[in-house]
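S.K.: Here's the letter readout for the chains.
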Amino acid sequence: MSVFSDVPQASPVAVFKLTADFREDSHPLKVNLGVGAYRTDDSQPWVLPVVKKVERLIVEDSSLNHEYLPILGLPEFRSAASKVALGDDSPAIAENRVGGVQTLGGTGALRIGADFLWRWYNGTNKTATPVYVSAPTWENHNGVFTDAGFKDIRPYRYWDAAKRGLDLTGLLDDLENAPERSIFVLHACAHNPTGTDPSQDEWKKIAEVMKRRKLFVFFDSAYQGFASGSLERDAWAIRFFVSDGFELFVAQSFSKNFGLYNERVGNLTVVAHDSKSLACTLSQMEKIVRTCWSNPPSQGARIVSKTLNSPELFAEWKGNVKTMADRVLLMRDQLKTKLQALGTPGTWEHITQQIGMFSFTGLNREYTTCTHTPAQAHPSVNMLCISELCQQSSTRVKHLTTCPDTAALDCDKYFKH
Amino acid sequence: MSRPGSRLYKKGVNQNEDPGAHMFTGTTHTAATASPETRLLFTLEKDAQDRKVHLTGKEYYSEEGKTFELHLTGKIKQQLSADPTLRPEYLSSLGLTKFTQRATEVALGKRSQAILENRVLGVHTPGFTAAMRLGAELLRHWYDVNAAWCGPVYLSSPCDDSLAGIFQAAGIQDIREYYYWDDKQRDICLDKLLEDLETAPEQSVVVLAASAHCPTGADLSQNQWAVITQLILRRRLFPFLMLPAQALCYGDLERDAWPVQLCASNGIELLCAQSFSHCFGLYGEAVGHLLCVLKHNSLLLSVQSQADKIVKSLWSQPSVGGARVVATVLSNPAHLVEWQGEVKHIVERCMLIREVLRERLRLLGTPGCWDHLTQQRGLYCCMGLNGQQVEFLSKWRHVYLLPSGCLNVSAINGRNLSYVAESIHLALTTSL
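From first to last, the protein sequence lines stand for chains A and B.
Position 226 (the first sequence) corresponds to 226 in the numbering used here; numbering is contiguous.
To convert a position in the second sequence, counted from 1, into the numbering used here, add 1000.
Next comes chain B alone, as it looks inside the complex (with noise of 0.2 Å):
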């Protein structure tokens, strides 16, 4: 099965040459050529027809088909924004500090030996990406300085389609990929990884989902990152974990951060991109962190001036709003019962999608084994769906899925199951 735009990794833009006579030399005939999610996000948006489901979304969304912020949110919004004592001061580049004291806690566990070692850098960031972008920098500027390290990055395959921008745009060309999604077995390969990753040169960067691995949604077991882990060890690479939706495959976030847990208890130094948008409702609200757990202590002044350093020409500093929710009521144990409440329904619909669709399949006898849409958990799925069939979906049945054959099961409701199901079902037994 093809995957678009697997290996395909551009050295930066075009440069185009030709003079012209206005300042923008280049640009006068050079679009930005779209991404294949952008390209199916424009075919979506021309799509006129009524019964278009669009299943690409990166938001978690209702039963109605709409996005929200929980309802704790909601309140604690009210709250701050009539609080008397909340000055616009700017902050420090690194952000908000109660927010990235809660948030090194939720990723480390309260009692981590890291954080009692005072070596664990957190950097409160304007999002996710964000958080990479950061990450990267400091990787590009600051990784083995000695060896003038520039790479290589791995990258899952498949993996968000903005990950190998970003490395790139701090400079850093060379990534590759490590075989992650089998498409016949509907799950990862752990031998084709291992394989990949034992051959990657020694501090390679290797960029793993700890939880709600986009866009397939298939999550390493714990046996599996035990395995990983004393490969990383051995081969000294440097893990760069991603919690995109933190807290949305089980509703808990300490749980969904299970294996940087397990990193740092290895001794392992490691970075970790975080976001709480999914669970709270914060879409676009800058609620993204950067976790960099060191060897020492002695390290923590040095790295944190460099990644202030770094933040400073970048945005200067995050924006506050979201940050102070999720730290209020991280910080607050009657906010955070209430909080577990909202998401675990979060969590419970998406399961009971992914079970009601599975079912769906089996009873139109769609072939294909269909288990692992259970197996997994979080926002998203891969169907195993190739390029072809992914077309077929869009064109004819206005149903959109990832270039991938990925996608967003918050997105199917009451109301499209049916259509969506049978859409799936026609894509994988019409001959094309």
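With the rest of the complex left out, here is chain A (with noise of 0.2 Å):
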């Protein structure tokens, strides 16, 4: 008799079953637009050339330290990190009350930033301290919070199905009616998966409520620089709250920005009112990656690292960000450009409104599941990743948005809402 006799199969997160059973689709033209991976026209992950020299001097440094990291990371990796969130000159990093923590990847930095506020965070509530996640939300923030001990996981209004933008009024009402000292997980930039961001006078109502409800930030930012092009502009929402006085944290990933998917590198940023708060904390936060991964993996961390603290380096790796960030804009407005010239049915201004890899499409979940397109979208979210759009033949873009036969079909009931 097995002791694991009873354990039940559980549901795959929806957005990695898609991508096996992408994997297992022989249509000739199908197309994964569900994954937030960045890539080339020839459907293939980019590997940056400034990643690719780095590479090198790394792999032939013999003067290289081969040991484990430090619990919390390697050092020059977490203050570059930390510098390219807040920026330079930022006066909590002179005030010396912003720390990093190295982690794998920005699910490493979440957890780690969970774990902690689980731990320590709201007095004798934790477990009961309300977290709110945006409606929708990357899938994985709920499982991240939930596995942290976390039993109140609540949605916060955020898109608007019907005016295909920021639902502001239904934000900033959860964010009023919220109770207080409340966790809330904010989207630095090109939220996963709309693509909408709050405009800046939009963030500053935003930080005025929080800031009277006391509620607690936690950014997500794993597309800093990939949004807009430009670092700092990516950067403003977070930058904005701290020099607004906000305690925050921010969990980094440099895994878009670098393209160092399976490098795991990622960064949980700590800002607190002063150093001895931040001294505390960072080392409660290393006892806690000490049961969890104990030395955080070096390759992805060095490169960054290096990239970064190189004032060479890291104008070339702000050039191939901006590559990428470019080729998202273009295949934004290719595809609308295309849509409309097809003919159609709907608008479609949205896809170019909307910032990052992510776009809500505003297709149902009949297109998605329509067995005639080879496109396999998000199932429930119908948010396809642009990146993903080569350069498409019409053919192909007529495959997206239209079936073959089209005399079987009610064209309109695939874009209702």
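Possibly wrong hints are sitting among the right ones.
Here are the simulated DSSO-like pairs of lysine-lysine, each with C-alpha atoms no more than 27 Å apart in a straight line [stated by the list, open to error]: (1) B:K1309 <-> A:K151; (2) B:K1309 <-> A:K52; (3) B:K1395 <-> B:K1098; (4) A:K83 <-> A:K214; (5) A:K276 <-> B:K1075; (6) A:K53 <-> B:K1295.
Quick caveat, the hints were computed from the structure, so don't treat them as lab data.
Using the hints, put the two standalone chains together into the complex.
M.R.: Structure, rendered in structure tokens:
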């Protein structure tokens, strides 16, 4: 009799199941538009030229120390990563109240932050503290906070399906009514999966309520530089909150903006009120990391650290990032133009109004499960990954938006909300 | 002899309820209390003495006192970095398949019945600790679900100081010890070990070092393993085996994993955490692996799906670089021969240092029997010193051992051997 006899099958995380289904699909024109990975015209993930260069430097560096990294990670990486988020001239950094923890990607950063908050935040109420995630949000947000021990995970209004934009009123309303000291997971830029970000004015309104209601700010920043092409612009919200006096966490991922998807490079930036709180916080986080992965992997952090800490390599990297961001913007433009040229019913302005890798198409479930279409879009939220779109021939784009057998179909039904 | 830290598994971290004005309630006043090992390292760092000797490191040190990667490792890394077909794709949560296949084979043997019957789960993890954590989480959530199992977990006395914390972090608070190292015998005391396990409740999880026990370096013999596996079967215990430095005892991956194979061939379900960091010089490059041998193939998919779910909210996927190197070497017979040669050198050097240290202590007339130095193998060795003597060494001789009186033999070399031997002699002969 096995001790694991009664283990049920866990339901797969949708976006990863999608990729598995895509792999099984034998259709010649299949397209996977669900995964957040930047691809070039030949559908391959792009190795950034600067990364290739730095990798070679590292491989040829005979003076490299082949040791375990410290538990909190490579020091040069942590400081450089936090600087990228907060800015070189950040007063918080100058005041010595900013620290970083190197983590296994953005997920690792979220988990360490969540574990810490569960143990140390909000007096005795910890487990009961509500955690708010946007509706919709990256699926794994729920998993991470749940497994960290939080029992009360709630959505805050974000996407307005009718106007295909931000539901600011709903968002502010949810902030206003959230119990004091609730934790809010905010997307710093390029909201995943809607591609819709608050404007600067809207961020200010959000901050005002959050300050008044004493809500905890936990930024998820996976796309810095990738969204607008500018590191500064994409970090505006984070920097504004810091200058506004908030203590906060930023879970940073360098998977996308460095194309280091499988090297797992992340950083949890902690902005505390003062340097003593920071030191205590980091010491507790170190204990948490010690029982999770103990010492983070070195390769990816070395690449990022070398790049960020060298003025020339840093400039080259910014150029590479802008290349990716520009191509995504181009793809958005092309997709919109082609859809309009085909006379596809509906309006497609939102494709160019949204930002970053993902776009909420406004296509409903029926479209995405239509067996005639080779396109795999996300089954539950109808978003698609813009950067997946290569230079498509008109036939292929047509396949994306209509079905061959038009007589049998009521095209309208695919574009209703 | 007192053994610092034994039987002192605190229940999680202190909850400080001072509201304070800041968000991080409680941390404004509470820095984490450091473990004895951390305090030791802190003192070591502050020690400005030129002659300080650091014998507490986790890595293998060369004769020059440096950590290094195998020559072959460096070569493979160069090859891989120039390989245009390698793209930065997201891995699955379970990691690099080629790596998990090889890791599974070197733990169970290629012709293992369990592998043939497809009832083995292998998960590539970012290091050994991560493998232990994943195993702990799997047990916490899915071990004997109907009985709502929540421990106990038995750890050897002494053991690596992070183990208790890992199980606690996974939500298992009931952590107990079983007798292992006996200071007088300078060896494992099997009788007392068996006594402790005999009284363990059924369904207890027992964490056992398959080889390279940390921190004592004392491993169970094949005969002792035969007795223990019978006990495990009889008392329905669940073994969680550890291979933190696989290949470092005998220079042979499979030989070090012999106990795993014994358990598996006895039809025992088990977990096994492995690391290839030492035998490849890939420290901090995520070459950990968790093996789960199940009774039936029908369970594989569900257990796999649950492991996948746990990984997704911890680290999502492991990093790939190191695993690619290991997989490349283990899949290629020519590389394997070259690898074997380099690892042999490491193993032989450790044996040589043990021999020379034993001889030196004998010549100095140091009280006690030192045979165990050469009877045991691997990176670590327990010197049988008590807390006071360990402190004497660090304070007066600037020679740093682990609080348990154990040391990393590879950190001893031609330049510091005399000094270390003398210091141990003094610690044992000076009345304190």
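S.K.: Compare the structure with each hint and give your call.
M.R.: Verification of the hints:
{"no.": "1", "hint": "B:K1309 <-> A:K151", "in the structure": "holds, 17 Å"}
{"no.": "2", "hint": "B:K1309 <-> A:K52", "in the structure": "violated, 32 Å"}
{"no.": "3", "hint": "B:K1395 <-> B:K1098", "in the structure": "violated, 49 Å"}
{"no.": "4", "hint": "A:K83 <-> A:K214", "in the structure": "holds, 26 Å"}
{"no.": "5", "hint": "A:K276 <-> B:K1075", "in the structure": "violated, 45 Å"}
{"no.": "6", "hint": "A:K53 <-> B:K1295", "in the structure": "violated, 48 Å"}
Of the numbered hints given earlier, the model fails hints 2, 3, 5, 6; all others are met.
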